Structures are given as structure tokens and as C-alpha cells.
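**Q** Sequence:
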Amino acid sequence: MRVKNENNNFFKTSNTSTPKNKKFTAFEKHRLWLNLSNDTGAFSQILIGYAEGATSGWDRGLDGKSFGGNDVTFYSIASEDKLTIQAKPLPFTESDVIPLGFKAISQNAYRIGIDHFDALFENQQIYLKDNDLNIIHDLKANPYSFSSDAGTFNERFEIVFTTQTLSVENYSITEDDTLKIISNNQLTVLSENKTINKIIVSDVLGRLLKTYKGLNTKKIALVAIEKANRGLIIQVIFSDDASIFKKVIY
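Per our numbering: the sequence shown = residues 1 to 250.
Hint data in this document are derived by calculation from the structure and do not stem from the laboratory.
Keep in mind that the hints are not guaranteed to be accurate.
The calculated lysine-lysine pairs, modelled on DSS-like cross-linking and capped at a C-alpha distance of 27 angstroms, are [what the hints assert, rightly or not]:
1) K198 to K140
2) K198 to K210
3) K218 to K247
4) K180 to K213
5) K88 to K65
6) K247 to K210
7) K213 to K198
8) K180 to K194
9) K140 to K180
10) K218 to K246
11) K246 to K227
12) K219 to K194
13) K140 to K29
14) K227 to K213
15) K140 to K194
16) K180 to K210
17) K227 to K247
18) K246 to K219
19) K246 to K213
20) K210 to K194
21) K213 to K247
In this text, all values refer to a predicted model and were calculated from it rather than measured experimentally.
With the sequences and hints as input, model every part of the structure.
**A** Structure (C-alpha cells):
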């Protein structure tokens, strides 16, 4: 079910007329709309804005709480509040970090992307940080695709504004000699001890390439992954829900 809340009234100037003898003062605001969606029609939108009069706490009349109820619920987080609309104080600084959360009722592939923006965001870099994969993705270039199980996730994603991106050496790759990835003419994942339940393959920009589910094996060839001499992040999830990340060039 597609439920869209454009939040167009956020920081909207009153429609009441201004007396002729009273000077109108523009209300400074800078807004960013973000969408979380998937190919089956799930949709949720949030708004983050910097404006005069806003604070870092709860701002009655500016902030809006998330109440959920859809196939997917997207929100930003301030203190312990889950917000559909978050007002932040001026001045804007590039060091700001805005935690994001979401609730999904089913395992699926999802996208986080920019719907639109105005004012200072016209010339400001906007990045999504995936704390699970240690990836910083440029949202102005394209939406970020990822796979998620059902559940509530409040620590995976953040919006950041710095232009410094992660190098290959910054990925949190697990050192585990009991799991081997053999890269010849085909990628093969081999576990010496644990049973593999699921494998998620992404590129280094965070784009989901392939998900393998219900495996129940200790060895699997990753078919449908084309060889292109590129970096891949392979997440291996075992039957006990433990998870290992490996990086490979293929």
C-alpha cells in the first residue's frame, strides 16, 4: 500500500494578509524530503528542515511524530522521538549527523532516496551512511538500495553532510579463516564450521546486487554475479543469525 505524506505545510507561511503598514519578514527555512520505498509499493516519506526558531529538542508546531501503521515506516530520530518531520536549528553545519530509523513488516529489498529539497541543500552534499556495511553513499547521485529483514532498525542509517567518503580500507571486514570466498571463474563461499542460511551481495557503493536465501548449506556457488573486476561486499548470515562481512574483487 502506497501512503504518501508530502508534508507540504512544514514551515509554511500563513495565508493571512499582511497589513500595508507592516513590513513582511521572510521565514528562513532549508528543507530536505527523503523517501523509503520498494518495488511492491511500500512507501514512507520524511522531512528534515533547518529553520529560524527551531531547537535541538521537541518543537511544538514544527516537529511531527511518526505513528507508523504502513508496510514500511520511515522516520528520523531526535532524542527518543521518532519523527516524520524534524525541525533543526540554524545555523546549519556540515558536521551534523541525523539518525534515521525504519520499521519493515517483511523481508525485502528497499531504497532510500531524495524526493526533493530547497535552499541551502541545492549546493550541499547529502550522504547516507550505512553503519551495518560502513558505507557512505551519495544520495544526490542516486538512491541507496539495500536488503533488510522484517523488524525495527534505529541504528543502521544516518544522514551526514561531509564530503569525505570511506576508502576501501575503512570497510568493517570480518577476519575469519573458517569462512573462505574463492574467486576464480565463479564466486564460491565455503564455511568450514557453520551452516550458511543467507548471503547478501552488494557493490562498494551499497547497491544491492543479489540475495541468496534459504540456503542451509556450507558451500555455495554464487550464480548470476557477473565478473567485472570490481569490489564486492559479501555478507554471510549463518543459521544461528551470526553474520560475517567479506570483501572480494571479482
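**Q** Against this structure, judge whether each hint is valid.
**A** Okay, the hints, checked on the actual structure:
Of the pairs offered as hints, the one joining K198 and K140 is violated, with about 31 angstroms between alpha carbons and a cut-off of 27 angstroms exceeded. With a CA separation close to 11 angstroms, the supplied pair K198 and K210 stays within the 27 angstroms bound. This hinted pair checks out: K218 and K247 have alpha carbons roughly 19 angstroms apart, not beyond 27 angstroms. At roughly 19 angstroms between alpha-carbon atoms, K180 and K213 fall within 27 angstroms of each other, so this suggested pair holds.
At most 27 angstroms may separate the alpha-carbon atoms for a hinted pair to count; K88 and K65 meet this at roughly 14 angstroms. Taken as a hint, the K247 and K210 pair is honoured in the structure, with Cα atoms around 15 angstroms apart against an allowance of 27 angstroms. A C-alpha spacing of about 5 angstroms is found between K213 and K198, which places the hinted pair at or below 27 angstroms, so the restraint holds. For the given pair, K180 sits about 12 angstroms from K194 by alpha-carbon distance, which is consistent with the 27 angstroms threshold.
Of the pairs offered as hints, the one joining K140 and K180 is violated, with about 36 angstroms between alpha carbons and a cut-off of 27 angstroms exceeded. With a C-alpha separation of about 16 angstroms, the suggested pair K218 and K246 falls inside the 27 angstroms cut-off, and the hint holds. For the hint pairing K246 with K227, the CA-to-CA distance comes to about 17 angstroms; that is within 27 angstroms, so the pair holds. Straight-line distance between C-alpha atoms of K219 and K194 comes to about 10 angstroms, which keeps the hinted pair within the 27 angstroms bound.
For the hint pairing K140 with K29, the CA-to-CA distance comes to about 20 angstroms; that is within 27 angstroms, so the pair holds. Under the criterion of a C-alpha separation no larger than 27 angstroms, the hint pairing K227 with K213 is consistent with the structure, at around 21 angstroms. For the suggested pair K140 and K194, the alpha carbons sit about 40 angstroms apart, so the restraint of at most 27 angstroms is broken. For the given pair, K180 sits about 19 angstroms from K210 by alpha-carbon distance, which is consistent with the 27 angstroms threshold.
The suggested pairing of K227 with K247 holds, with an alpha-carbon distance near 15 angstroms, which does not exceed 27 angstroms. Note on K246 and K219: the hinted pairing holds, with a Cα-Cα distance of about 15 angstroms set against a maximum of 27 angstroms. Pair hint K246 plus K213 holds up; C-alpha atoms about 17 angstroms apart against a cutoff of 27 angstroms. About 21 angstroms separates the Cα atoms of K210 and K194, which keeps this hinted pair within 27 angstroms; it holds.
Pair hint K213 plus K247 holds up; C-alpha atoms about 20 angstroms apart against a cutoff of 27 angstroms.
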